[in-house]
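When you get a sec, could you build the whole thing from the sequences and use the hints?
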Amino acid sequence: MDFRLTDEQLALQQTVRKFAQTEMVPQAAHYDQTGEFPRSIIESAWKVGLLNESIPAEYGGLGLDGVSACVLTEELAAGCAGMTTSMMVNTLGQTPILVSGTKEQIEKWIVPFTKEFRFSSFCLTEPSSGSDVANMSTTAKKVGDKYVLNGRKCFITNGGVADLFSVFATLDPVKGHRGICAFIVPADTPGVSAGKKEDKMGQRASNTTDVIFEDAAIPAENLLGREGEGFKIAMKTLDRTRPAIGALAVGLARSAYEHSVRYARERHAFGMPIAMFQAIQFMIADMAKDIEAARLLTYQAAWMIDQGMNASKYSAFAKCFATDAAMRVTTDAVQIFGGYGYSKEYPVEKLMRDAKLLQIYEGTNQIQRMVIAREVFKESQ
Amino acid sequence: MANEVLVLAEQRAGNLKKISLELMGIGAELAAKLGADLTAVVIGNGVEGLAKALGAAGAKKVYVGETGEKYYNTEIYTQAVSDLIKQTQPSVVLAGATALGRDLTARVAARVGAGLATDCTELRIENGKLVMRRPVYSGKAYIELESTAPVAIASVRPNTYGPAAQDASRSAEVVKIDVKAVTPRAVVKEIVKTAGDKPDLTEAEIIVSGGRAMKAAENFKILHEMADVIGATVGASRAAVDSGYAPHSMQVGQTGKVVNPKLYFAVGISGAIQHLAGMRTSKVIVAINKDPDAPIFQKADYGIVDDLYTVVPLLTQEFKKLLAE
Amino acid sequence: MKIVVIIKQVPDTETKIKVKADGSGIETDGIKYVVSPYDEFAIEEGLRLKEKLADDSTVTVVSVGPERTIESIRTALAMGADDAIHVNDPALEGGDSLATARVMAKAIKDHGFDIVFAGKQAIDLDQAQVGPAVAELLDIPQVNVVAKFELAADKTKATVSRRIEGADELIEVSLPALLTCEKGLNEPRYASLPGIMKAKKKPVKQVDLAALGFNASEVGAAGSHVKILKWLPLPERQAGKILKGMETQAAVKELVRLLREEAKVI
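Protein chains in written order, with the working numbering: chain A, 1 to 381; chain B, 1 to 325; chain C, 1 to 266.
The list that follows gives simulated cross-link-like pairs (lysine to aspartate or glutamate, DMTMM-like), each with its CA atoms no further than 25 angstroms apart:
1) C:Lys183 with C:Glu44
2) C:Lys198 with C:Glu51
3) C:Lys264 with B:Glu29
4) B:Lys86 with C:Glu218
5) C:Lys18 with B:Glu146
6) C:Lys18 with B:Glu144
7) C:Lys20 with B:Glu146
8) B:Lys320 with C:Glu261
9) B:Lys198 with C:Asp168
10) B:Lys221 with C:Glu247
11) C:Lys18 with B:Glu122
12) A:Lys313 with A:Asp2
13) B:Lys52 with B:Asp83
14) C:Lys32 with A:Asp7
Note that these hints are calculated values from the structure, not bench results.
Structural data, given as structure tokens:
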């Protein structure tokens, strides 16, 4: 087993790191403070080919393998977690189409992303159904050769900027998860609108809004897979994208860790750099160890998905472990910086605020543990 | 033929540049140790009159080359200097590490097969040979070199050495040298001034630089006021430039200008390693910053931990008083 | 047009440079290597020229260096260069700028060239000598520290702007010529991900001394005109006199006094 990155992955890492450090880092605090959407930065990333990395080569995409995508995501996240979430959700919004779409659907809806700069979005969560996906109340009704959608999704990343939505709606709430369908919904469909922008604790560069459907009619051919397959498609999508979230957490944690190491060397107390104190050393050691463990878990999960293996448990390992680690690491970073850590003049308090969302979105870490336990007991039957 | 220490005197528009006198100063020291004659060569249009100043600065012989051209030209000057070196075989040739000096010495060294060290910050004679010290890795380390060829060429950083004393009682033998009619393939058409009347940052003796703490371009006004009083040029850190408080031409640092003033004020500058790379050879560094932990204080010779907005105007007043005396 | 770009692989600018205890060089363990930053401007300008010409012009990257240099060559290829020449031979070890320029010039001559771009200096040794030396050896005009470049319509000459102290020289240079590039000439593009994938397939010619027709006495330390005697770390600065906890006016007065009487700089 060769744990080293290939030459190509190293080259990829170098270019993305340079982009993130040059284009994202200097602006991160500004977008965090104003909550403005960093459209131009994300467009620059698109121009360098850093977005839409999962689109297969046969459709004009890079067809980047999972591990390389993790390397890419980690470097972007070390630049700014919020911007990276926006960039990664592009992939999240495309994935339902990539995993369950017909060739025609992929050509029609995915290929344009390789030709021009546009955003996609993934509409699953609702005010009353986050973890309890099957309890959604956005409905789809077949009317002639169209489906008419009604309802409201919330906490939708890229909701206010997307050109394309992957939307999950139910034909019949009584049927629970078996009633859910997945739809391709262009943003300019009449009846589709973005609601208020969320004023978030962290990852403020990411655009998060409600997406409202009022008698929004879409052609029947925009259905993904068959009626009732929506829940499966959603879960399959999330399984696939979980390692990337893990990688995002690794990048964020690494940034906090690097700041901490630098600061511990420079800051003096009681006549010596605080890096000499065991209390600090132990925190730094735990940071380094947990980041490396998180990274390896994400690589493994990504690799398994590429091999076509059943990766539900491993994806959950990666997402849960890495995001919990990011929360610990960023919290310790603020602690190491002491008073300065609490001030907006220094970069670490943003990192701590950014980290919290990672434990919540893309399936809460409680859901991740449920998935793991379920897989464990399934296997032990 | 006596050994020579040959100074490539630089002039612009018929005036000797300050670096030329600095080279004469160190040149005299080296020549004395080598038991060689200090000579100089000046090339340009209507430059014969400059031989007087070079003689007063200690040159025994001044070679004068009339180009009939208004502007410096790489090929013409390279030809003239190379021919002179081949003819006189000086063991040491000194030039300024200026735009002209860098351009000329590299080409000349390749043509005559000399051992060249550029941007030297120290020159000395050891065991009868010239030892040239120069910074590497953006000033993070130094190397010392010697030439393994008969002729050593060193380009010297401006403001490293003091100018030679001018003694009008000294004069030099003037020797006219041929400037071959070379048809240059690169010709200066025009020179467009970019800065105001202040010396360029790279030539400035005193620099006042503002950092991110300046918070706005207008706030640089207080630095300009202080700079005007002490005859300084105003610079900026990369953070200030990136934030739009100052143009890139004012940037001091690794990706900006490398400066070597005798006095450098770092105002509201934290002292990141990249900034230090641009000014670490400054003779005296003064830091003004309200953060007592700013790394710049580790490198500063003097400093005040206080708000720059109160300190700088008060400093300006104090300097005014001092210089009025 | 045959556009040639000279590049050098150097330690990343963030590297903490440590001089070895015996002064024989710097510690190289764990150093990350990159394309020298000024060379990026050269690569970018070569690529822009090729794009502007929109014909069968090619951009060839040339580099002299050990095995690891290939990574930086691939970066240049990923940015868009068409092919590369990597000059690598153990005999080159210890060569100064002139020795390096000698092999560089021959490689470029063998390849053929209409214009050569290089960075104004490599940020490891900061000497700015190889470019002009190559120009001399190729017997072509040079313009250093170029901040603006424009090719004439007839492609036989170019108008460039050269940065000198406090001014810009506008120069007309006939081709072929060598230009060294200054910051501000352009904004180097990132090596895009598609570019990185394509770079793998682009040809890199590995060239050694024999291929260039040199013998060992003409290169490396034997072929050099300067010798590095030793490497030195920065001298330790004396601790500074930092005035804190003082009333502002008093601190200012004291600082001015120190600058005048002690440092003697005002």
